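Chains A and B supply the protein sequences, listed in that same order.
Sequential numbering of the first sequence, starting at 591, is according to this note's numbering.
Sequential numbering of the second sequence, starting at 162, is according to this note's numbering.
Hints listed in this document are in silico derivations from the structure and should not be mistaken for laboratory results.
Quick caveat: nothing in here was measured; it's all calculated off a predicted structure.
Be aware that one or more of the hints could be misleading.
Sample of chain B residues with no beta-carbon within 12 Å of chain A, all distances over it, derived [to be verified]: (1) GLY189; (2) SER200; (3) HIS227; (4) GLN407.
Covered stretches of chain A, going by a simulated chain B footprint (3 or more residues, C-beta under 8 Å) [unchecked claim]: (5) 613-620; (6) 623-637; (7) 716-729; (8) 802-814; (9) 820-826; (10) 844-858.
Quick reminder that beta carbons are idealized off the backbone N, C-alpha and C, glycines included.
Residues per chain are reported as follows:
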Amino acid sequence: MASGSLKREKNYLGPSGTTVPPAQFWMLTVLGVVLLLGTWTLVATSGMMPRHFLPTPLDVFNRIYTLMFNPFAGHLYHEHLFASIGRFLMGWAIAVGVGIPLGLMMGWYRLLDEIVTPLFDAIRFVAPLAWVPLAALWFGTGIGGPLLIIFVGSFAPCLISAYRGARMVDKRFVEAGQTLGANTWQMMRHVFLPGAFPSIIAGLRVSAGLGWQSLVGSELIVVGAGLGYLMVQGQGNLSTTTVMAGMVGIGIVGFLIDVALRGAESSVKRRWGQQI
Amino acid sequence: MLNLTRQTRVTIATLTAVLALWWLATTGLGLIGKLRLPSPEDFVAAARQILTSGYAGATLWVQAFHSLGLVAKGFAVAILTGVPLGLLMGWSRRAEILLNPTFLILRPVPALAWIPLAIVWFGLGDTGKIFTIWLTAFVPSVINTFTGVRQVDPVLIAAARTQGASTAQVIRHVVIPGALPMIFTGLRLSLQASWTTLVAAELVGAFFGLGRVLNVAGQDIFPGMIMVGMAAVAVCGAATTWLLGQIERKVIAWRPAV
Chain A
591 MASGSLKREK NYLGPSGTTV PPAQFWMLTV LGVVLLLGTW TLVATSGMMP
641 RHFLPTPLDV FNRIYTLMFN PFAGHLYHEH LFASIGRFLM GWAIAVGVGI
691 PLGLMMGWYR LLDEIVTPLF DAIRFVAPLA WVPLAALWFG TGIGGPLLII
741 FVGSFAPCLI SAYRGARMVD KRFVEAGQTL GANTWQMMRH VFLPGAFPSI
791 IAGLRVSAGL GWQSLVGSEL IVVGAGLGYL MVQGQGNLST TTVMAGMVGI
841 GIVGFLIDVA LRGAESSVKR RWGQQI
Chain B
162 MLNLTRQTRV TIATLTAVLA LWWLATTGLG LIGKLRLPSP EDFVAAARQI
212 LTSGYAGATL WVQAFHSLGL VAKGFAVAIL TGVPLGLLMG WSRRAEILLN
262 PTFLILRPVP ALAWIPLAIV WFGLGDTGKI FTIWLTAFVP SVINTFTGVR
312 QVDPVLIAAA RTQGASTAQV IRHVVIPGAL PMIFTGLRLS LQASWTTLVA
362 AELVGAFFGL GRVLNVAGQD IFPGMIMVGM AAVAVCGAAT TWLLGQIERK
412 VIAWRPAV
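With the hints as extra help, turn the sequences into a complete structure.
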């Protein structure tokens, strides 16, 4: 009875109220993948939609393979991919480099908090992509435009997570630091940064996701290389396979970024030994 | 003196300082060229122009309401499809396992990346925009509803069962109310993302809307109008977020304000 209710606790919902055995789990998972790809392939080959509007999954992977050896929109597939990743890393690094120190300082200096908060609130609601025309005005077609968009897109979570983390730092540690005569730099380095670290890591994951998304958006509109650009050119040529090839690359990189930061988050959780 | 809080006074001082600096840098001292940053006067003139005679084909009201309508429609479809699916996945472990791979594949692809595909499939009209907004809000709706259902206290479900509640009654009176806070969290997150998606979609190609205003202003090199467009996007984003917060407070009246 006791073990029965324990089992139910983990999986209390569902008509049977029991756990799903591993064999069935894998069967259903495989079935799920097969159903998705199968339905897609069936619809694509059935002629309900013209084939060039909805290619099959296989068409898309063939297209990626082709694009690796035949340049499209000026570059090979992996060149577009690396162009996007490089641009993302630069923009995100700026957002992290500005957002986290500023957030920590805001948690420490009340006046700074009071000055920055209304400005931050005023521009927070401007969708990152709405900066595109202004970015084009300021930077033309150079690297600055996309960087600004990525920065705007990923800045807010960096700032907010560092600020919240700094505010949650135990008062006793702050007072201990002050008693021991720490200067501002030492307070940031040895009290606020470690104290806020779990919160910051969680914020970094959110900000990286938003930054990658903003990068894709900016590439749809302003640049001459990258996966987003590849997709727009594909759209212009009504080449759905090329568009989907771009989506696959964007999805894989986005997934890898998330996995990496999720790993970092859980290892930090373990090391710090606390809930975030 | 006026009895203002410290934060209010600092806010007023900050905003005044920013406005003064803006004016000085543009009109006052002419440090930044008119084509780089519009002056406050340019901004007001552009706002007056779009409010009275219109810009990019219509007045600001028409453009803003067009965008608002698209977000509302896309959002409505996402809730109507996403919440039931999330309930199903939360309720049945088998449904979760079966559908999980699809979401694992869909989730890392940002909604923005669907824009070119939406244009190929639906053209530059409203359907493609509603489709991309639906995608933006759909995945978080499903995932948050699912998480919310799984977080419902099993004791409550057992208690309802003991009282003789049918499955439909358990879902209606225990599971849905229990999952609502998580559902609203998902909606709040996807609302801001929806505006980003919509602006991007309208920038890439549209006949109407705030993104269209931004696009035309960019092509005309009309910095004042670009700023007006950005401000309009911000106001719409803030207004819809506020509205959603009000709805949330009405719907989840039992929960203390966060």
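Hints, one by one, checked against the model:
1. Residue placement check: GLY189(B) keeps its beta carbon more than 12 Å from all beta carbons of chain A (closest about 20 Å).
2. Every CB of chain A is more than 12 Å from the CB of SER200(B) (nearest about 14 Å), matching its label as outside the interface.
3. Distance check on HIS227(B): its Cβ is at least 16 Å (rounded) from any Cβ of chain A, clearing the 12 Å threshold; non-interface status holds.
4. Every C-beta of chain A lies more than 12 Å from that of GLN407(B), the closest at about 16 Å, which supports listing it as non-interface.
5. Under the rule that three or more residues need a Cβ within less than 8 Å of chain B, the assignment of the region 613-620 of chain A holds, with 4 such residues.
6. Coverage of the region 623-637 of chain A by chain B holds. Counting CB-CB distances below 8 Å, 3 residues qualify, and the rule asks for three or more.
7. Residues of the region 716-729 of chain A with a Cβ under 8 Å from some Cβ of chain B number 12, which satisfies the need for three, so the listed coverage holds.
8. Counting residues of the region 802-814 of chain A whose CB falls under 8 Å from any CB of chain B gives 7; the rule of at least 3 is met.
9. For the region 820-826 of chain A, the stated coverage by chain B is satisfied: 4 residues place a CB nearer than 8 Å to a CB of that chain, which reaches the threshold of 3.
10. Only residues whose C-beta sits within less than 8 Å of a C-beta in chain B count toward coverage, and the region 844-858 of chain A has 3 of them, enough to reach three; the restraint holds.
The earlier numbered hints are all upheld by this structure, with none contradicted.
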